[in-house]
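Modelling step: build the complete structure from the supplied sequences, incorporating the hints.
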Amino acid sequence: MAERRKFSDQFKAKIALEAWRGDKSIQEFAAKHQVHPN
Numbered sequence: 001m002a003e004r005r006k007f008s009d010q011f012k013a014k015i016a017l018e019a020w021r022g023d024k025s026i027q028e029f030a031a032k033h034q035v036h037p038n
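Okay, so the sequence shown: first residue is 1 according to this note's numbering, each after it adds one.
What the hints contain is simulated information worked out from the structure, not anything from laboratory work.
Since no wrong hints were added, every one of them can be taken at face value.
When the alpha-carbon atoms are kept at most 30 Å apart in a straight line, the in silico BS3-like pairs for lysine-lysine are as follows: (1) K6 to K24; (2) K6 to K32; (3) K14 to K32; (4) K12 to K24; (5) K12 to K32; (6) K24 to K14.
For each label pair, taking beta carbons as the anchor points, the in silico distance ranges come out as: (7) M1 to G22: 33 to 41 Å; (8) M1 to D23: 30 to 38 Å; (9) A30 to M1: 18 to 26 Å; (10) K24 to M1: 27 to 35 Å; (11) N38 to M1: 14 to 22 Å; (12) D9 to H36: 15 to 23 Å; (13) A31 to A2: 17 to 25 Å.
Ideal Cβ positions, reconstructed from N, Cα and C, are used throughout, including at glycine.
Quick look at the structure:
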């Protein structure tokens, strides 16, 4: 089984701010940051 990824607080804050702006679709956003779209 693959090991679970751990994201830093800085990464989470950066992602949250980018998502909040809403200038990209969820699919584009997830692909850019290599995270699951859910």
